[in-house]
Amino acid sequence: MTTGQTILTIGAFMFLTTILMNFYQVVANTGDTIASGQDGILATTIASSYMEIAQGLAFDEITDTSTVALANASALTSPSLLGHDSGEDSLALYDDFDDFNGATLDKQALGTNRIYRTQFIVSYVNPDNLLQTLSSRQFVKRLDLKTWRVFPPAKSALDLDTVKTSLVLGYWHFD
Amino acid sequence: MSALLDVIASILFGGTLMMIILTATDIAAESQATHSGDMLVQELLTNTAQLVEGELRNMGFGVPEGESAVLRAEESRIHFLADIDRDGVIDTMKYSLGDTTEMRDTQNELDRPLKRQINNGAVLSVGSVTTFRLRYLTREGTPLASPVPSDQLAEIHMVEVSMEVQNPYAPTRDPEMVGSGERNALYSTSLWQQTRLASQNTRR
Numbered sequence: 796m797t798t799g800q801t802i803l804t805i806g807a808f809m810f811l812t813t814i815l816m817n818f819y820q821v822v823a824n825t826g827d828t829i830a831s832g833q834d835g836i837l838a839t840t841i842a843s844s845y846m847e848i849a850q851g852l853a854f855d856e857i858t859d860t861s862t863v864a865l866a867n868a869s870a871l872t873s874p875s876l877l878g879h880d881s882g883e884d885s886l887a888l889y890d891d892f893d894d895f896n897g898a899t900l901d902k903q904a905l906g907t908n909r910i911y912r913t914q915f916i917v918s919y920v921n922p923d924n925l926l927q928t929l930s931s932r933q934f935v936k937r938l939d940l941k942t943w944r945v946f947p948p949a950k951s952a953l954d955l956d957t958v959k960t961s962l963v964l965g966y967w968h969f970d
Numbered sequence: 100m101s102a103l104l105d106v107i108a109s110i111l112f113g114g115t116l117m118m119i120i121l122t123a124t125d126i127a128a129e130s131q132a133t134h135s136g137d138m139l140v141q142e143l144l145t146n147t148a149q150l151v152e153g154e155l156r157n158m159g160f161g162v163p164e165g166e167s168a169v170l171r172a173e174e175s176r177i178h179f180l181a182d183i184d185r186d187g188v189i190d191t192m193k194y195s196l197g198d199t200t201e202m203r204d205t206q207n208e209l210d211r212p213l214k215r216q217i218n219n220g221a222v223l224s225v226g227s228v229t230t231f232r233l234r235y236l237t238r239e240g241t242p243l244a245s246p247v248p249s250d251q252l253a254e255i256h257m258v259e260v261s262m263e264v265q266n267p268y269a270p271t272r273d274p275e276m277v278g279s280g281e282r283n284a285l286y287s288t289s290l291w292q293q294t295r296l297a298s299q300n301t302r303r
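In order, the protein sequence lines correspond to chains A and B.
Under my numbering, the first residue of the first sequence is numbered 796, with each subsequent residue one higher.
Under my numbering, the first residue of the second sequence is numbered 100, with each subsequent residue one higher.
Just chain A, with the same shape it has in the complex:
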């Protein structure tokens, strides 16, 4: 084998190695993309479950037991005090919508080892513009949720999607 043939052979193998590495990279990426689809499904269902629970709660601590806030918005919880009250330190004990404010809850999907973390923020919002949060009491509150997988950990932050969703709850009555 001449030197030229040897160099040509080595070049061909390098070329083949590059093609194979690209090929395996594509296969692995496709698998990761599809696996993240499952993550998206579970994260969405977990976020929906929390929203469903939140929707079944009272609008405010005071509206849970009285109707005084119907004519007096100032009776509602102060914007700076939104959050769970003393003793209401678990999801099962939450009794009004803003108890979720500031909470971070982990949930393991049944039948898997995957654990998803959800962060909650509750704010008063402008009834005419639900995207605008306000620092004054209103008859409309918005719950913002962020859900992502914490176990098994992602290889990198870029491999992990976060589901962001919001729920708006208004306080109203029929005349």
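In short, the hints are calculated from the structure, not lab data.
Glycine included, each C-beta is placed from N, C-alpha and C at the ideal position.
Computed Cβ-Cβ distance ranges for the label pairs, DEER-style:
| no. | chain 1 | residue 1 | chain 2 | residue 2 | range |
| --- | --- | --- | --- | --- | --- |
| 1 | B | Gly165 | A | Leu900 | 26 to 36 Å |
| 2 | A | Gln927 | B | Leu285 | 48 to 58 Å |
| 3 | A | Asp923 | B | Leu285 | 51 to 61 Å |
Once you've looked at the hints, dock chain B against the given chain A.
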């Protein structure tokens, strides 16, 4: 002598190359089949989940205050009340899990139909699932034993639905590669789990 060595070396290199290409082709085919299966089950799951989610979402809609929205609560069967078609008449919705023998014509031995019935209408299959599990919780989040006795039905505040879908057909594996307790085909799995209120507008 030199020519003979060249030939031997070429055969070795060529053989290695052939092995690499054959392995890569096998991996590509298996990955393609697996990924297609994964996508299929995710689509099947979301389609079935959308229907179930939509109807469970309306559980208790139109039911007078004080009446239980759930009529029967078992691990894989639920009967509930809701005015599904919004005509002012409360309907009885029934969801139940069929048997694996009802889907003998599919390759997957674990899949079974998810059945739905409105009032006394026909029982229809609304999807193929491998798991359909229901858990019932009180207002305090305490799980109720299943099946829930009739005198405890009114205590059901939340229903947790878990559903798993696998593809009905999957590429079979080489019997030599199948270990003890493993399945003989590359079935893909997708999970869905959600908590729903047993009655809407329970608090204000």
